[in-house]
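Student: Starting from the given sequences, assemble the full structure and let the hints guide the process.
What follows is each chain in one-letter form.
4 protein chains.
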Amino acid sequence: MSRDPKRIPSMVKNRRLVEKRRRQIIRGACDLFVRKGFHKTTTREIARECGLSIGTMYEYIQSKEDVLYLVCEYIHSELEKRLKKALAEAGTGREGLTRAIAQHFKVMEEMSDYVLLIYQETKSLPREAMSYVLRKEEEITSFFEEILKRGIADGTLILDPSTVKLMAHNIMVLGQMWTFRRWALNGDYSLEEYTRCQTALLLDRMQPSEHGREMT
Amino acid sequence: MSRDPKRIPSMVKNRRLVEKRRRQIIRGACDLFVRKGFHKTTTREIARECGLSIGTMYEYIQSKEDVLYLVCEYIHSELEKRLKKALAEAGTGREGLTRAIAQHFKVMEEMSDYVLLIYQETKSLPREAMSYVLRKEEEITSFFEEILKRGIADGTLILDPSTVKLMAHNIMVLGQMWTFRRWALNGDYSLEEYTRCQTALLLDRMQPSEHGREMT
Amino acid sequence: MSRDPKRIPSMVKNRRLVEKRRRQIIRGACDLFVRKGFHKTTTREIARECGLSIGTMYEYIQSKEDVLYLVCEYIHSELEKRLKKALAEAGTGREGLTRAIAQHFKVMEEMSDYVLLIYQETKSLPREAMSYVLRKEEEITSFFEEILKRGIADGTLILDPSTVKLMAHNIMVLGQMWTFRRWALNGDYSLEEYTRCQTALLLDRMQPSEHGREMT
Amino acid sequence: MSRDPKRIPSMVKNRRLVEKRRRQIIRGACDLFVRKGFHKTTTREIARECGLSIGTMYEYIQSKEDVLYLVCEYIHSELEKRLKKALAEAGTGREGLTRAIAQHFKVMEEMSDYVLLIYQETKSLPREAMSYVLRKEEEITSFFEEILKRGIADGTLILDPSTVKLMAHNIMVLGQMWTFRRWALNGDYSLEEYTRCQTALLLDRMQPSEHGREMT
DNA sequence: TATGAATGAGTTTTCATTCAT
DNA sequence: CATGAATGAAAACTCATTCAT
Numbered sequence: 383m384s385r386d387p388k389r390i391p392s393m394v395k396n397r398r399l400v401e402k403r404r405r406q407i408i409r410g411a412c413d414l415f416v417r418k419g420f421h422k423t424t425t426r427e428i429a430r431e432c433g434l435s436i437g438t439m440y441e442y443i444q445s446k447e448d449v450l451y452l453v454c455e456y457i458h459s460e461l462e463k464r465l466k467k468a469l470a471e472a473g474t475g476r477e478g479l480t481r482a483i484a485q486h487f488k489v490m491e492e493m494s495d496y497v498l499l500i501y502q503e504t505k506s507l508p509r510e511a512m513s514y515v516l517r518k519e520e521e522i523t524s525f526f527e528e529i530l531k532r533g534i535a536d537g538t539l540i541l542d543p544s545t546v547k548l549m550a551h552n553i554m555v556l557g558q559m560w561t562f563r564r565w566a567l568n569g570d571y572s573l574e575e576y577t578r579c580q581t582a583l584l585l586d587r588m589q590p591s592e593h594g595r596e597m598t
Numbered sequence: 383m384s385r386d387p388k389r390i391p392s393m394v395k396n397r398r399l400v401e402k403r404r405r406q407i408i409r410g411a412c413d414l415f416v417r418k419g420f421h422k423t424t425t426r427e428i429a430r431e432c433g434l435s436i437g438t439m440y441e442y443i444q445s446k447e448d449v450l451y452l453v454c455e456y457i458h459s460e461l462e463k464r465l466k467k468a469l470a471e472a473g474t475g476r477e478g479l480t481r482a483i484a485q486h487f488k489v490m491e492e493m494s495d496y497v498l499l500i501y502q503e504t505k506s507l508p509r510e511a512m513s514y515v516l517r518k519e520e521e522i523t524s525f526f527e528e529i530l531k532r533g534i535a536d537g538t539l540i541l542d543p544s545t546v547k548l549m550a551h552n553i554m555v556l557g558q559m560w561t562f563r564r565w566a567l568n569g570d571y572s573l574e575e576y577t578r579c580q581t582a583l584l585l586d587r588m589q590p591s592e593h594g595r596e597m598t
Numbered sequence: 383m384s385r386d387p388k389r390i391p392s393m394v395k396n397r398r399l400v401e402k403r404r405r406q407i408i409r410g411a412c413d414l415f416v417r418k419g420f421h422k423t424t425t426r427e428i429a430r431e432c433g434l435s436i437g438t439m440y441e442y443i444q445s446k447e448d449v450l451y452l453v454c455e456y457i458h459s460e461l462e463k464r465l466k467k468a469l470a471e472a473g474t475g476r477e478g479l480t481r482a483i484a485q486h487f488k489v490m491e492e493m494s495d496y497v498l499l500i501y502q503e504t505k506s507l508p509r510e511a512m513s514y515v516l517r518k519e520e521e522i523t524s525f526f527e528e529i530l531k532r533g534i535a536d537g538t539l540i541l542d543p544s545t546v547k548l549m550a551h552n553i554m555v556l557g558q559m560w561t562f563r564r565w566a567l568n569g570d571y572s573l574e575e576y577t578r579c580q581t582a583l584l585l586d587r588m589q590p591s592e593h594g595r596e597m598t
Numbered sequence: 383m384s385r386d387p388k389r390i391p392s393m394v395k396n397r398r399l400v401e402k403r404r405r406q407i408i409r410g411a412c413d414l415f416v417r418k419g420f421h422k423t424t425t426r427e428i429a430r431e432c433g434l435s436i437g438t439m440y441e442y443i444q445s446k447e448d449v450l451y452l453v454c455e456y457i458h459s460e461l462e463k464r465l466k467k468a469l470a471e472a473g474t475g476r477e478g479l480t481r482a483i484a485q486h487f488k489v490m491e492e493m494s495d496y497v498l499l500i501y502q503e504t505k506s507l508p509r510e511a512m513s514y515v516l517r518k519e520e521e522i523t524s525f526f527e528e529i530l531k532r533g534i535a536d537g538t539l540i541l542d543p544s545t546v547k548l549m550a551h552n553i554m555v556l557g558q559m560w561t562f563r564r565w566a567l568n569g570d571y572s573l574e575e576y577t578r579c580q581t582a583l584l585l586d587r588m589q590p591s592e593h594g595r596e597m598t
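Protein chains in written order, with my numbering: chain E, 383 to 598; chain Y, 383 to 598; chain B, 383 to 598; chain H, 383 to 598.
Because the hints were derived from the structure by calculation, they are not lab data. Just to be clear, a hint being listed does not mean it is correct.
One copy or two, either will do: identical chains are not told apart, so a pair holds if it fits within one copy or between any two.
Said to hold, decoys possible - Calculated pairs, PhoX-like style, for lysine-lysine (alpha carbon to alpha carbon, straight line, at most 20 Å):
hint : residue 1 : residue 2
1    : Lys-446   : Lys-418
2    : Lys-466   : Lys-547
3    : Lys-505   : Lys-418
4    : Lys-547   : Lys-531
5    : Lys-418   : Lys-463
Computed from a prediction, not measured in an experiment: that's the story for all the values here.
Tutor: If you want it as structure tokens, here you go:
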């Protein structure tokens, strides 16, 4: 779909090397950004952390913002990858959705810091890069739209078509909520409990049958 | 409850004046932070925006972070105030909850930029200030816990006590979602539609009755 | 005439102070630029030389190029001032021109380093500033056009009107030549000799002698 | 005469190759220096422009300043070559001088950008290289001294021997003036007009006319 | 109290040059 | 000989904070 990840120019020709060095940069920068935030991290720190001299680092990027973009892009593609894999295993319909949600939440747990990072620093990206990142977010969200639509099609989910998109976003947000409300939820709920409750909340409404459901 | 809004020292003794000047600072800084973010706003800009000289401004704060704290605190207390007022009018039980949610969402709409700001910049606060802000957030959340508990008590809401807290957070987050997913939702849903759908989602699960309802 | 010396903004309000500090900056920078050239002089050196901290210096300029502009403008206005004064005393007609040329050459001698500087660094100015400087140069040149015209009018100079401008430029350039060919001329000619010869060269052609010649 | 063009060492032994590569370097660098100036041109750009890798380029030079020297030397020898050729054709005496001046001015027109370049960047050369370049300039100037002397000898030019040198410099400078005052002269004079006027100015003084004048 | 000029540590970024392959 | 990735010193510029008036 959105096949245009803003290409960041590099002074270095060797493709392989560029890939490798950028992975280094991303790894180092991710940690630092998570720990200190984008603005409080200096380029020299990033260089040191990823084992390059600043000079060398700047052979692979054009500006500090490029590093942020690289990091955001990486996180999003990682999320996408993991989610895609999870969804592939999940199957379809109601059952599939249940598993998909659980997988999504699991991914959120694993990527907790990174998701938080994206939420807090996306705004620091330059316009163009930011809209790419948001498009990516929407793309990921649409995975859930697909599952919901298939569930509607096979009759295992009851849902007004106009609310499909909203529901997909709800699923995304309730997953992310596990990362950015950790400080409030962590003491009271385990990921399993959290998943069970939120799944019930989301799925009960889409129940095709007329009788009893339980929450816990 | 949380009666300890980190006291920010001022060089100026006159209480009245301090209050007045800080209101000026908050108003100016809010706009700037929303527009450009905390880090990209300079103290000079803040001073200019709020009609003080930098020297004067620094008579009322100790550091730039203090301004952020002041702003966050202001936004939270504004949110709290509005929500409290809304909840006071909302009444109790199921009916009350419906109205409370609608009010909450309306407040989110009104305070959209500010809510977003808090979400993105809270991390920039120094430890102590940050935990105060988070505590405040939890406090606001607990308003909904109260309503839910009262609903359970009067039998108009069915909900496992262990999920009360989670539900309260869900309500908060689904409200905030209207601000930080605006870019994705705005085209497809009006605030009214959004409110109706999310309310249905949230309340259906707590329905004490045994029979079918619709979403739209 | 060209009443628009590109106004360079300053962070500091106090006009007097701005004037004073900029004079400091110009003085320090002039020396350094003459000695090392614009590009090989660092902003820190300029600041040190003029007794300001870099921070302070940057309160009065926006960029290093501004310093160059300030310096060029200063030199030009100094040249203009001295030349104007000289020309005012010079009187009119053939006599006046002789004295004007001598004064001009004297000014070139005095301002030798600065004239050289302008010749070598004007190109480093940003477009807008450069064209202002060139306009100024043309303006100064036109002083000589005026004298020539007056000489033609009063009959003490014979010159085809179409060559007035060229002659004015010649006078300018033969003056500047004393600065940028110093390395070659200094050993062989004193300023007096130089002046006498060049004046003869320039004026003989314009002699209203009994057996009139024409130029074209 | 000045047979000591500062030898620039090269890592490469093959003479032929060194010559060839340096010609490449000069060609690329000339264009860039004219367009952007020496300091604003990077070594990478030079290498790219002349089709070498930086590594390779540095096999043939020792520093960026070497490139400037190479360029200046090239321009000067080109000027010398063309002027020599022109002067050879020009003949001697008054007639010859007239033609020589016209040829010189024509060369200035052709080499306009390069002459300008030399005037602005010579100062950026390291001491030794600079004095070589200046010596070269003097050498070229002395061509005109020769012509003048021959003119004096054959009686077609009247000129005090002590002013020969000055006149030669004047001829040089009035030619160069066509390049560095282009911005002011171009609109008003064609090269032909310019040449005619300046030649008249220069030669009239040296006229062996019937009622001899002297220069003092 | 109010002001705003002064400060300089700290930031991002560039680029001439080297050297292992 | 040719290559181009690596280097890091050095550059321009910023900005939170202070303090004399």
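Student: Of the hints given before, which are not true for this structure?
Tutor: 5
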